[in-house]
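Each residue of the sequence shown is one higher than the one before, starting from 306 at the first, in the numbering used here.
These aren't lab readings, by the way, just hints derived from the structure by calculation.
Heads up, some of the hints might be wrong.
When the alpha-carbon atoms are kept at most 20 Å apart in a straight line, the in silico EDC-like pairs for lysine to aspartate or glutamate are as follows [claimed, not checked]:
{"hint": "1", "residue 1": "Lys375", "residue 2": "Glu365"}
{"hint": "2", "residue 1": "Lys378", "residue 2": "Glu332"}
{"hint": "3", "residue 1": "Lys314", "residue 2": "Glu332"}
Estimated spans, in silico, between C-beta atoms of each pair [to be verified]:
{"hint": "4", "residue 1": "Ile324", "residue 2": "Lys358", "range": "25 to 31 Å"}
{"hint": "5", "residue 1": "Pro387", "residue 2": "Leu327", "range": "30 to 36 Å"}
{"hint": "6", "residue 1": "His330", "residue 2": "Lys378", "range": "18 to 24 Å"}
{"hint": "7", "residue 1": "Ser382", "residue 2": "Ile344", "range": "19 to 25 Å"}
{"hint": "8", "residue 1": "Arg359", "residue 2": "Thr388", "range": "22 to 28 Å"}
{"hint": "9", "residue 1": "Ser313", "residue 2": "Ile355", "range": "44 to 50 Å"}
{"hint": "10", "residue 1": "Thr349", "residue 2": "Gln381", "range": "34 to 40 Å"}
{"hint": "11", "residue 1": "Gln357", "residue 2": "Ile316", "range": "44 to 50 Å"}
The C-beta atom is built at its ideal place from N, Cα and C for all residues, glycine as well.
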Amino acid sequence: ARQIIPNSKCIRCDCSETIIHLFFHCEFAPDTSLAPWIISSIWTARNFLIFQKRQFSAQETMVKEICDAKEWKSAQSTLSPPTR
Numbered sequence: 306a307r308q309i310i311p312n313s314k315c316i317r318c319d320c321s322e323t324i325i326h327l328f329f330h331c332e333f334a335p336d337t338s339l340a341p342w343i344i345s346s347i348w349t350a351r352n353f354l355i356f357q358k359r360q361f362s363a364q365e366t367m368v369k370e371i372c373d374a375k376e377w378k379s380a381q382s383t384l385s386p387p388t389r
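The whole structure should be built from the sequences, with the hints applied where relevant.
So, in structure tokens, the structure goes:
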């Protein structure tokens, strides 16, 4: 059985925890969101279909989105901050 806790607070920032807060407003959300990657992959798949007449399945689109997100994340962790 699900354990739904009414009027709960976010364990990360102590704000009122709602679905909107969890996915969009919590300071933790921007670091973990796949939404931009999903949107970008859908747009890219659309462009391939329109301009190159190449169609990708939903599964192929999601695999590409996950690979792109992992590649971006890996590149971020290998960059050094600029020195002055």
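So, going through the hints one by one against the coordinates:
| no. | hint | result |
| --- | --- | --- |
| 1 | Lys375 with Glu365 | holds (15 Å) |
| 2 | Lys378 with Glu332 | holds (18 Å) |
| 3 | Lys314 with Glu332 | holds (14 Å) |
| 4 | Ile324 with Lys358: 25 to 31 Å | violated (39 Å) |
| 5 | Pro387 with Leu327: 30 to 36 Å | holds (33 Å) |
| 6 | His330 with Lys378: 18 to 24 Å | holds (22 Å) |
| 7 | Ser382 with Ile344: 19 to 25 Å | holds (23 Å) |
| 8 | Arg359 with Thr388: 22 to 28 Å | violated (44 Å) |
| 9 | Ser313 with Ile355: 44 to 50 Å | holds (45 Å) |
| 10 | Thr349 with Gln381: 34 to 40 Å | violated (20 Å) |
| 11 | Gln357 with Ile316: 44 to 50 Å | holds (46 Å) |
Checked against the numbered hints listed earlier, the structure breaks hints 4, 8 and 10; every other hint is satisfied.
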